[in-house]
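Q: Residue numbers (our numbering), protein chains in the order written: chain A, 1 to 245; chain B, 1 to 390; chain C, 1 to 300.
No false leads were mixed into what you were given.
Going by beta-carbon spacing under 7 Å, a handful of chain B positions derived as facing chain A: (1) E14; (2) E43; (3) C62; (4) G63; (5) L64; (6) E114; (7) R128; (8) K135; (9) T247.
Label-pair restraints from in silico Cβ distances: (10) R22/C x E37/A: 47 to 57 Å; (11) E173/B x L154/A: 27 to 37 Å; (12) Y62/A x D63/C: 52 to 62 Å; (13) S190/B x K81/A: 34 to 44 Å; (14) D63/C x L172/B: 14 to 24 Å; (15) L172/B x R252/C: 51 to 61 Å; (16) N288/C x D165/B: 51 to 61 Å; (17) S112/A x D277/C: 35 to 45 Å; (18) S112/A x S190/B: 38 to 48 Å; (19) E253/C x D162/A: 31 to 41 Å; (20) S112/A x T321/B: 18 to 28 Å; (21) K294/B x R91/C: 26 to 36 Å; (22) R252/C x Y303/B: 51 to 61 Å.
Hints were generated in silico from the structure; no laboratory data involved.
Backbone N, C-alpha and C fix where the C-beta goes; we use that ideal spot for every residue, glycine too.
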Amino acid sequence: MTFHRVSFEDDDLKLKIGFIHFSSCSGCQVAFLDMFEDAVEIFDTVELVYSNLLTKRKEIPYMDVAFVEGAFCAEDPHHVKLIKELSEKAGMVIAIGGCAAFGGMRRFSCGSQMPQPSHQTFIPLTEIESIKRKVKFAIPGCPPNPSLLYNFFLAFLERNDDFLLPFEFIAQSRDASGFDLIKEVVNKGFCVGCGTCSTACPSRAISFKDVCGKPNFDADLCVRCGSCLAACPQSFKPYPQPVYT
Amino acid sequence: MIKKVRLEGIPLTEGHSGLHLEVEGGIVRKGYYYALVPVRGFETLLIGRSATVAPLLTTRVCGLCQITHSIASAKAVESASGIEVPEEAEVLREVLGLTVRIYNNLLHQITISEDLFPDKGERFQFIRNVQRVRKFTGELLESIGGEIIHSPNIKVGGISEPVEDFVKDRILEQIPSVELALKESFEEFSEALEKTWEREGLEDDFGKHDFDFFATDLYYGKVFDFERITFVRPQEFLPDDLKFRATNLYPLVDGKPVETGPRARAVLFKGYVPKGGVKELHLLRAEENLEALKRIESLLSSYSFTGELWNQTPPSSDGETLGIGVHEAPRGVNIHAVKLDKRGKITYYKIVVPTEFNFFAVSESLRGVPAAKAEFVVRGYDPCIVCAAH
Amino acid sequence: MLELNSRFLIGSYKKAVEVESRTGNNPLEELLSVMFDSNMIDGILSSRIEGEFSVPFLVVKGDRVEVPSLNRFFGSVALLKKAIQKYRLSRIAVVAPSCAIDGLNKTQYYGIGCNWVKTAVALKVGILCTGSLTGKALTAEVLHLTGKEKRIKRFFYDGGLFYQTEEGELIPVNLSVHHHYINAACRYCLNLSAKGTDITYFPLKEENRAVFIVRSERGWRVVASVQKERPELFRFRRLKKEDLEGIVSLLREKALLNIDDILERVELGLPVPKWNDNKLRKFYRIWNAVEDYNFEEEVF
Chain A
1 MTFHRVSFED DDLKLKIGFI HFSSCSGCQV AFLDMFEDAV EIFDTVELVY
51 SNLLTKRKEI PYMDVAFVEG AFCAEDPHHV KLIKELSEKA GMVIAIGGCA
101 AFGGMRRFSC GSQMPQPSHQ TFIPLTEIES IKRKVKFAIP GCPPNPSLLY
151 NFFLAFLERN DDFLLPFEFI AQSRDASGFD LIKEVVNKGF CVGCGTCSTA
201 CPSRAISFKD VCGKPNFDAD LCVRCGSCLA ACPQSFKPYP QPVYT
Chain B
1 MIKKVRLEGI PLTEGHSGLH LEVEGGIVRK GYYYALVPVR GFETLLIGRS
51 ATVAPLLTTR VCGLCQITHS IASAKAVESA SGIEVPEEAE VLREVLGLTV
101 RIYNNLLHQI TISEDLFPDK GERFQFIRNV QRVRKFTGEL LESIGGEIIH
151 SPNIKVGGIS EPVEDFVKDR ILEQIPSVEL ALKESFEEFS EALEKTWERE
201 GLEDDFGKHD FDFFATDLYY GKVFDFERIT FVRPQEFLPD DLKFRATNLY
251 PLVDGKPVET GPRARAVLFK GYVPKGGVKE LHLLRAEENL EALKRIESLL
301 SSYSFTGELW NQTPPSSDGE TLGIGVHEAP RGVNIHAVKL DKRGKITYYK
351 IVVPTEFNFF AVSESLRGVP AAKAEFVVRG YDPCIVCAAH
Chain C
1 MLELNSRFLI GSYKKAVEVE SRTGNNPLEE LLSVMFDSNM IDGILSSRIE
51 GEFSVPFLVV KGDRVEVPSL NRFFGSVALL KKAIQKYRLS RIAVVAPSCA
101 IDGLNKTQYY GIGCNWVKTA VALKVGILCT GSLTGKALTA EVLHLTGKEK
151 RIKRFFYDGG LFYQTEEGEL IPVNLSVHHH YINAACRYCL NLSAKGTDIT
201 YFPLKEENRA VFIVRSERGW RVVASVQKER PELFRFRRLK KEDLEGIVSL
251 LREKALLNID DILERVELGL PVPKWNDNKL RKFYRIWNAV EDYNFEEEVF
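Take these sequences, add in the hints, and give me the full structure.
A: Take a look at the structure:
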């Protein structure tokens, strides 16, 4: 990955990060703040150059890294402008949360609601050609856990490639939901019945099926956030073993 | 001469929203406030889905005041299908709702902290103090609601998991110290607010209006006649391109615009006499945190939650009955209305969020303020734009 | 080139000990009880048998300490969120085979799906496992081995794998028969001895005897402090390398069956895991390579 500025000595040399919000609930950005005191330390380490929620700046400046949540809505002229700005002004894009990474709940949207019934095309950032090359990492979850965001942030600042690699895969994979968990793990004979997917599901769509020792997936409850497949130890485990702590 | 001014993207607020101002001599003569984030279509995407998933999906309307939507949604489905909820589950929902009130109000204090504390060191220290209290609310939401953001435990018919006494006691034990921290941060906040008003040269009643107030309850939310709400659509009155760009509706109560939120609750249920203006609103919002914490303490200590909290009767209705769920969200009255068919599938869904009510109140409050300070009015209402354009 | 020696099959460890509980209880249950009483842990994440099923089970203070007594260790990690996010436990002991520990490790490392896990685990006890069975699979296996339906109470290792029925009958289990009945994913497992845990545990013939392969400093500290706390409860016997030869050859026999299946899967071109195929294609390459390979660093 390319860093334009890597030293953290004074404000001018700090890594410039921004938060951009497409069509989503803002929960991913709030999840950053839910690191609580740790969030303050992180905002002290980097320079937050743009966030509608947290900075007064009106124009989007150059950002080394843009954390982007939400899906792109093709019928919204503001989103069209934002995508253009993002491709010009962001050194790298990190898609956070289900909506930006895999479509998330936006996969259910069908438009036809007042006052703008035309809003109906929702596309995750990982599927948009003009910025796809900048979307280096995608973080699953609805929203991603504060713990995951914290670990990711540290790994990103330390350039811990072992940690970051799976998030690169995720950015390229587009689909990750309970269906994909069943398709990629259970159907293919890799499910060991450890229960990690069930713990990872933020909507409790996955319970544990005692009779076969496999996940029991309730599609009605799935919000397409990708946590289950990302958490599954069979989908990847690239860290060196053994781990003692 | 009247100039037309557009401000789009109001910093230090949630989401993307705009102001259309008609300005004369630097003073706003007329103003419109509107949302600019796309309509995600929660009301249409829910149609045809099983009503049991409504709380889980609608909580994702908003990442700031998540649980208020799942509560209102669950209550709406319950009322449409006549499902009785165990009393303790209702109490727990109230606790969770109040927790989110604190969690969200403090988030707003963080959001506007750049206004309050020009000095970065002071600002970060303030955020640190506030985050300590938010950490407690996060823990409470995780323990009882299941997750901090988008709690999955709110179900149609109650709460999916009982709360063991040791979990409850651990929360209660922390309350005295949290209360202390909350009081301290309240002092800091109100002091900084005074200074900000002085620094910016704002009047004490800066940003006032003479609208009626609208609230249903001090803490939880009471049933409200949905017929009394009507909607003005942006296409009816907004100028030019805003007809197809504005993404919120403007609801009215009994045909009149209203203000909802902390001040409305104080006026209607505590006999508070309003002075008007957004400074008062900021303070009343911050005061609600302390009251909410006291209420949480008293509710948790007077009930036991170890029994069954979930009436798992599947929802079903006649396709005609309109079920209404009302919750007093941090920003005011949040209403969900639903119709179900016999199989329990949703045939109609409507969400009216507090920020939508307040769009007219914000617009009205802009009248007479210097155009350069218009953003201070907006921030005073803590608008949640994603909720408004659900 | 890989050798199926003790280093690959058991992995590195500090000390291996045979533990006998003088109260007649299961030594691991005894160890965990003492840890509970002295506040070294505040919860145990494990599973237990309920009727025909094995269900995830979270032990908190006041509950009876139980460890799985059958080759069924399902879903322990499913309760991780409840333990941490709801109960706010901060010193959890986990008793599970390597696959479940993998899930836990991953959650600890990344934080995907559950908050605050990194610092919440106080002890990882890995169960040495030759493949896990569902209730139905166990019934079928026992029918295959004995021709009769029998209620199995526990499993243990004594030279080979054995089942003990509720009536006390001992059934030796033929590993190639066992290999046929186990969970599909267990046939691709290359971490039978739960490398990467603090302590690897396996039960012996007598219910009050078991082997602890202590791998980490933390594991050793735990054993030492429990011994100090309640010296009258346990008798420890240090095992030499030769003492573990029996279990190594058992693991080798099972690993060979697993490796056959892996090689076959790769040669057939069956799908590999979505984001990582260390265990299959990469292993295939290493297995067929001529040069030495440093497998400690690799994940299979």
